[in-house]
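There are 2 protein chains.
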Amino acid sequence: MRIAVDAMGGDRAPKVIVEGALAAAEAFPDVQLYLVGKPDEVRAFVDGELPERVTLVEADEVIGMEEHPAKALRRKPSSSIAVCGGLLREQKVDAIVSAGNTGAVIAASLFAARLLEGVHRPGIAVSFPCKGGGTSVLCDVGANINMKPVHYLQYAVMASAYSRDVLGVEKPRVGLLNIGTEESKGGSELRAVRGLLEEAAEAGLIHFVGAVEGNHIFEGEADVVVCDGFVGNTILKSAEGAARVVMEQLEGFLAQALSSGAAAALPADALTGSLRKLKEFTDYSTYGGAPLLGIDGCAIIAHGRSNARAIKHAIEVARDFAQRGVNEHIAQALGELSAKGVPS
Amino acid sequence: MRIAVDAMGGDRAPKVIVEGALAAAEAFPDVQLYLVGKPDEVRAFVDGELPERVTLVEADEVIGMEEHPAKALRRKPSSSIAVCGGLLREQKVDAIVSAGNTGAVIAASLFAARLLEGVHRPGIAVSFPCKGGGTSVLCDVGANINMKPVHYLQYAVMASAYSRDVLGVEKPRVGLLNIGTEESKGGSELRAVRGLLEEAAEAGLIHFVGAVEGNHIFEGEADVVVCDGFVGNTILKSAEGAARVVMEQLEGFLAQALSSGAAAALPADALTGSLRKLKEFTDYSTYGGAPLLGIDGCAIIAHGRSNARAIKHAIEVARDFAQRGVNEHIAQALGELSAKGVPS
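Protein sequences appear in the order of chains A and D. If you're matching positions, the first sequence starts at 0 in numbering that gives the first Met the number 0 and goes up one per residue. If you're matching positions, the second sequence starts at 0 in numbering that gives the first Met the number 0 and goes up one per residue.
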């Protein structure tokens, strides 16, 4: 499994990217990594020589997080994102991973790989931790803000394949995001979507469980939730924002309690251990690795705030995605949908 | 100030409603309350006689949280929500407060009160706690899922008046929810909205600060955020869901730490005090009280999970809303917009 990693993308690149990649190389012996970036800057974070299964690929430019994706890609053909895309295009790698400018990663991926047969629009699938320890997948979270009913159906099929193959959910329950669970809610477009999802469920291709609301995503009511990219992107960012505010408040309250004299009694281990676990839990970056579903290839978008652990995890997702045949399963399911006469 | 309170609405009605109303009657000597509900059930939670400024108004029926709003209102004219609406319509009260079926409260309010002059569509404005202790107002969160650009502008004007008059923000910063802060994001509708908000800002009627993303709502980047009702409703529920999962995880981790032997050392007061504060902070119900903006009257929608404190707070919001002339300020601002030639 050959994976290109954008060493320059993300808020803490190249440091955490290099660390995450080295950890992944050690953890996954079947992986050959290509670290793409400015050689000097990458080597600064390597002790001695690079391991055998990690190759440095030179890329002289960097696309900033705030640059216009398409323009930046055109202007910077030797940027780390463009070079990753080139490796994918020339099939020198099976997958790419980047925590850089999301729009540029999408544009480079779409330039590098065709869409899978039958796919109308690619979608980004993000995983959320939920109550009870499960993981729910939300698709799309920003690639598509001009949704048609058939796009929702395709996202349901694609994210179900991902949930099954990579997250190990045997029979992913698919929910349609809505603002009420009654059938009448959400307007005519969502009614049309609902009809399509029901047809696909009757054809045995997805396991549709009906409408779900925003809170249900975190309550584990569905394994896959489909929504339009504007809404999904907003959910992603709002949930992160809310979780972060909760953590900051907790730290503030505890600091108050400490300074008010309870300090000596605080059981540092139990408490800080719990806090650390909570931080990992709320830090969605540790779940790093959202695939761009629908392309004939594999592109994993990591969070800009990724730490080394998130990068390692994104590389693992890339490996599992490519190895377990997600794309073959997507193509197969879409083929069956159309063979069974479901508009797709 | 005369306020009708729906004693039967909400997950824990009538108990917490009666408790919250009695607490409000005691706290706000300028308020005359009408508790609307089944007399026996209400009296069961009152010790002795009702206070002088609390009057019981009989309503024999209850609209369930899952009932179809319009149908339920027609079928149950003597439901507590319908009776509250009737009191508002006959101007026997200045405001109504309900934690019941949101759709039914909206329908009853629209039946009881006309829209303010110039208002196209009412909107629900919810307050979120943010980083640093401020409060941001999100509008709309579910009343309007067929948005036109001018609706966003009107929500900006109305929520600004609310933020100023009720929340005490002198010069509310208005943000437009988008999925990126670049001007190009969000499609043509949001570009049109942006143009209108800029015109209104130039005319001095709102303080527009540009695009904000989901996380910014909780980071205090704006005092008022406008968005379409579908998106806003999803944000509201997702943020609640995420915050609740974080709290549950924290409790789980702490329980583990306790059971693993650190129990004896736990400084119960400091920790449980912090946890209790955090719970209050994350429990959006304690911020209870979202006004339906745009009607010529005052209807405050409380969260279905409201506790007594949330009900008391919702009654306070109703009092402040009616007393401080929010509707007069909205009408005035919309009038000025149109006088200055801003399409509104």
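Just so you know, the hints here were simulated from the structure itself, not pulled from any lab data. There's no promise every hint is true.
Treat identical chains as interchangeable: a pair holds within one or across any two.
Unchecked claim - Simulated crosslink set (DSSO-like; lysine-lysine; CA at most 30 Å straight-line):
#1 Lys-276 to Lys-14
#2 Lys-14 to Lys-130
#3 Lys-147 to Lys-37
#4 Lys-130 to Lys-339
#5 Lys-130 to Lys-276
#6 Lys-37 to Lys-276
#7 Lys-75 to Lys-37
#8 Lys-70 to Lys-130
#9 Lys-91 to Lys-170
#10 Lys-276 to Lys-147
#11 Lys-37 to Lys-130
#12 Lys-147 to Lys-170
State the violated hints by number, sorted upward, taking the hints as numbered earlier in the document.
-> 3, 4, 6, 8, 9, 10 and 11
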